[in-house]
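Residues per chain are reported as follows:
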Amino acid sequence: MSPLFHIQSHSFDGVSVPSSLAARRWDMAAIGTTNNEHLDARSKAACAFAVEHAQEVFRMDFINNTAVIDDAKVTHGAICVKLRGCNSLLIEATTLNCPELLYLIRAARKEGVQTISFLYLEPEEYRRTLKGRLSDYRDFDLSGNRRFRSVQGFGSNLTDIAPGHAVFFLGYEKARLGQALEQEETLRDWSKHAVFGVPAFEPSWEIDSIANNIQYFSASSFEARYAGAASVEAAYGLLNQLMSDNKAGIPIVVAPLGTKPHTIGAALFLVEHPECDDAILLYDHPQKNFDRSYNIRRWHLYDVVTT
Amino acid sequence: MMTANRQAFIRNRAEEYGHDVWNSYVLPLYFDNLGLHEARKSVVIEGGRGCGKTALLRYLSFHSQFSDSRTTLPDTVFETVGLYLKADTQYFSAFTGAGIDDLKWRYIFEHALCLALAEQIIGAVSLINCNSERQQKYGKLDCLNFSRAVGGFSDKPVPDSLEAFSEWLRCRRQQLARWFRNFDDSPPPELYPLREFLLALIEEIRAKLSYMEKTVFAVYIDEYENLLDDQQKLLNTLIKGGEPPLIFHIAMKPNGMRTRMTIGNEAIQEKADFRKIKLDDELRPDFALFTAELFFFLLVKSGLPESLTPVMPHQLQDPSQIKSRQSDEKYRARVLGEIRRVLPGQRNSEIAESILDDPVLSKRWRQLISDGLRAQRSTIKPEQFLDKDFPDATIVCASLLHQSTKTADEILAELKKLGAGDPSRFKEGDWIHHFLIGTLLLIYLPFRQRPCPVYAGFNAFVSISSTNVRHFIELCHTSIGKFDADCDFANFYVSIEDQAKAAFKTSLAFKEEVAGSGDMGNRLLAIVNFLGKLFRLSQGRPSQSEAERTHFCIVNDQVSSNAQEVLNEAIKWSVFFEEPESKVKSVRYESSEYVLNPIYAPFFGISYNKGRKLEISGSQAEAMCTGSVEDFTKMLRQYEKQWSVSNPDQFSLGLES
Chain A
1 MSPLFHIQSH
11 SFDGVSVPSS
21 LAARRWDMAA
31 IGTTNNEHLD
41 ARSKAACAFA
51 VEHAQEVFRM
61 DFINNTAVID
71 DAKVTHGAIC
81 VKLRGCNSLL
91 IEATTLNCPE
101 LLYLIRAARK
111 EGVQTISFLY
121 LEPEEYRRTL
131 KGRLSDYRDF
141 DLSGNRRFRS
151 VQGFGSNLTD
161 IAPGHAVFFL
171 GYEKARLGQA
181 LEQEETLRDW
191 SKHAVFGVPA
201 FEPSWEIDSI
211 ANNIQYFSAS
221 SFEARYAGAA
231 SVEAAYGLLN
241 QLMSDNKAGI
251 PIVVAPLGTK
261 PHTIGAALFL
271 VEHPECDDAI
281 LLYDHPQKNF
291 DRSYNIRRWH
301 LYDVVTT
Chain B
1 MMTANRQAFI
11 RNRAEEYGHD
21 VWNSYVLPLY
31 FDNLGLHEAR
41 KSVVIEGGRG
51 CGKTALLRYL
61 SFHSQFSDSR
71 TTLPDTVFET
81 VGLYLKADTQ
91 YFSAFTGAGI
101 DDLKWRYIFE
111 HALCLALAEQ
121 IIGAVSLINC
131 NSERQQKYGK
141 LDCLNFSRAV
151 GGFSDKPVPD
161 SLEAFSEWLR
171 CRRQQLARWF
181 RNFDDSPPPE
191 LYPLREFLLA
201 LIEEIRAKLS
211 YMEKTVFAVY
221 IDEYENLLDD
231 QQKLLNTLIK
241 GGEPPLIFHI
251 AMKPNGMRTR
261 MTIGNEAIQE
271 KADFRKIKLD
281 DELRPDFALF
291 TAELFFFLLV
301 KSGLPESLTP
311 VMPHQLQDPS
321 QIKSRQSDEK
331 YRARVLGEIR
341 RVLPGQRNSE
351 IAESILDDPV
361 LSKRWRQLIS
371 DGLRAQRSTI
381 KPEQFLDKDF
391 PDATIVCASL
401 LHQSTKTADE
411 ILAELKKLGA
421 GDPSRFKEGD
431 WIHHFLIGTL
441 LLIYLPFRQR
451 PCPVYAGFNA
461 FVSISSTNVR
471 HFIELCHTSI
481 GKFDADCDFA
491 NFYVSIEDQA
501 KAAFKTSLAF
511 KEEVAGSGDM
521 GNRLLAIVNF
531 LGKLFRLSQG
541 RPSQSEAERT
551 HFCIVNDQVS
561 SNAQEVLNEA
571 IKWSVFFEEP
581 ESKVKSVRYE
591 SSEYVLNPIY
601 APFFGISYNK
611 GRKLEISGSQ
621 AEAMCTGSVE
631 DFTKMLRQYE
641 KQWSVSNPDQ
651 FSLGLES
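Protein sequences, first through last, are from chains A and B. For the first sequence, position 250 matches number 250 in my numbering, and the numbering has no gaps at all. For the second sequence, position 548 matches number 548 in my numbering, and the numbering has no gaps at all.
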């Protein structure tokens, strides 16, 4: 069965708006929260682009397990109403997180939005660490880690279903995989896959991802897999390949804990397989840590159409 | 027969043994104190990580008690049937928000819990009758009519038979899951009231199955701390209203009960509504014997002939043998003696001797002696403090010479008295007792690549594990790896070096694991790294005047509620242990002491004993719990300056891995 979504990727080096995107227009754009004083440069630039290039812009959030649009709590039905009649939707993925992406894609699909575009801006640099010193940042990573909590519409009771595949998209933050394995001990019996962003956004960054997660691989067996850090297509394709190889129809748990393009790919996959126990989200709702990245290195636009 | 090399200690979590632990569970020596089987009031089992909560509950649950590997079922086993439930946290924690009010979510949670427990009750009845022999002895399942028992709760027909009812329950569960996937577009499923539904089921079973006519069903909810507040309130309500034939028990980490409220206006009270059992306190008195027994039990399970060990596994699994295991001193001595042979350690005086014989370590000793003499402007030669007949006293001189209250002449005079067999402050004045371990660690501190024997040996492993069975098993696993059950076991032992290396490796692994500890994992790991570095700085002070610092207190206990929340979380995850304060230097409020979990000691090169206390101010505690990376750095540098640790690499702790 061929995948539901066709993805076309466009990447542009540089800080300012790429000339090829200057003329693009969308009916609507969804952006993440913008009222944070610590909003980083790339988030500001991405939101400004969305505001500039869409006829209508709305702000979306996911607070206390509830979708919120422009400060009002909304249901899936209300999001569908919001997108009704929209032909092209820009989803600003630099500021939006996995739950918002899922809700937007699901509603857009239901409402027959022809083109869904995702914008993502890569940072120039992440805050680096000093090793083995009193002030070792790696030892004092204070980014808030959160409880794994399923998102209604994409979760399932893992203790009730037969073991299947668990696919972890991994990134720089080492605690997230450990937290997942600690909280979801039921996954011990599952076939686990660790997906690293290779090639990474920048050469050598993949080493950080691997080094920060390697401790968990000795306690539990993982199959290592690779998908370009900036490739939505690769992440989406990897999951669909797993699904089509999965003759027994066992469930696939998807944990998007890595790069944003991987999260977009995972979200597309999860929306594509809405059946109970086919594809299940495992997500920890991390708090944004805006002051961890600097500047803008590259712009990515992913155009997604339903095949 | 040749047996393959097996990793006897690879499984260190109860979850890895499945629900039926009948053949793999070693009865802890405190088992008789619990009285859970006879309990007719709720019990709250509190225990830190790895103390055996899950294994205990699984042992008490019907999966083990009615295990198909049990050849006969004693009549007493029917008195209480345990139902074990560990909720899928990520699933149940999403039972909130999404435009559905809290009351509705509570009903949905109650329904989900009801279905899960109903399935367990049916599962228990099925397991009792899992084979033809048992069916013949017990049976009578045809008499059960579930339609009559609970049919009134559903608008749709409920099947009569056990098998069909089991399938019906499964479908109800799937219906709930389907709604959860698609709840925006579909009406919520039919919801059942937990207590009424389960009591109706139980009534039917008690009425129809004579062998269960007096059975009390005990629900064991594991990891209660992971439930949302409203879900805890529902459980608290069930605890408060629990009485035979349906009682609710819970297991949780320390500080796991965030609210004592029920869904009404009442709160649950200890003693009146529940009895609290602190498993760590129960485990502590016989922890060494229990871990030793477990060690041999696991070796036997991996193929070692029972006759080669000092234990008999069937005795370790027999409740009637607990008393004799506890009281038979010869047995205790035999078991502990044998494990000390397999996991040998060195006495501190032996470690001192080996330091003096080692060119690198003795050079370090000599350097410390010389530095101390230089600081005192003494003309005594370093060699004069070397007395190989008294290696422990010799080693201790390396720190005594840095203590401002003692002169080189005085120390040398005491050493000479010791050599002459006269009373000396080294022994009678407790210098060796107070400063030896600290000085041994001080000498080893810069040499992280060298396995430190202080952390080797069964006694050290027990101390490092505190009351964490998982930590002990992992220390053994890392030390031994694959075990050849065909080995010459009478001569089998693990070298001190291998044990010390394993202690370091295990310590590092568990330290890193802290990042995955709950909502504040990263903060807790940062606190471990901060305290570890702080105590390492203290350990690096040549005087050792505040020896073996591994715990702290907060002066006047004044911290914000946010910081207190972090402290509670650290206790919950056993990052440190809270104890009432022992010695108070000045007049101030009575407070708590926080002891860093000794599992982190080998990584940081600090003591696993609870030595001298560090008093930190409220503002420092506040910074540790809620501050930034810069606050950590600032505090560490302040202490470094205050303690004037001489270190060739300024601001480096030599912790690079």
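Everything labelled a hint here was simulated from the structure, so no lab data went into it. Any given hint could turn out to be false.
[Stated by the list, open to error] A short, non-exhaustive set of chain B residues, derived as facing chain A with CB atoms under 10 Å:
(1) Thr-89
(2) Thr-96
(3) Ala-98
(4) Pro-187
(5) Pro-188
(6) Asn-226
(7) Ala-272
(8) Leu-508
(9) Val-514
(10) Ser-517
(11) Asn-522
Note that the coordinates shown come from a computational prediction; the quantities given were computed from them, not determined experimentally. The C-beta atom is built at its ideal place from N, Cα and C for all residues, glycine as well.
Do the hints match the structure? See the list:
no.	hint	verdict
1	Thr-89	5 Å, holds
2	Thr-96	5 Å, holds
3	Ala-98	5 Å, holds
4	Pro-187	14 Å, violated
5	Pro-188	12 Å, violated
6	Asn-226	8 Å, holds
7	Ala-272	32 Å, violated
8	Leu-508	9 Å, holds
9	Val-514	9 Å, holds
10	Ser-517	7 Å, holds
11	Asn-522	5 Å, holds
Hints 4, 5 and 7, counting from the list given before, are not met by this structure.
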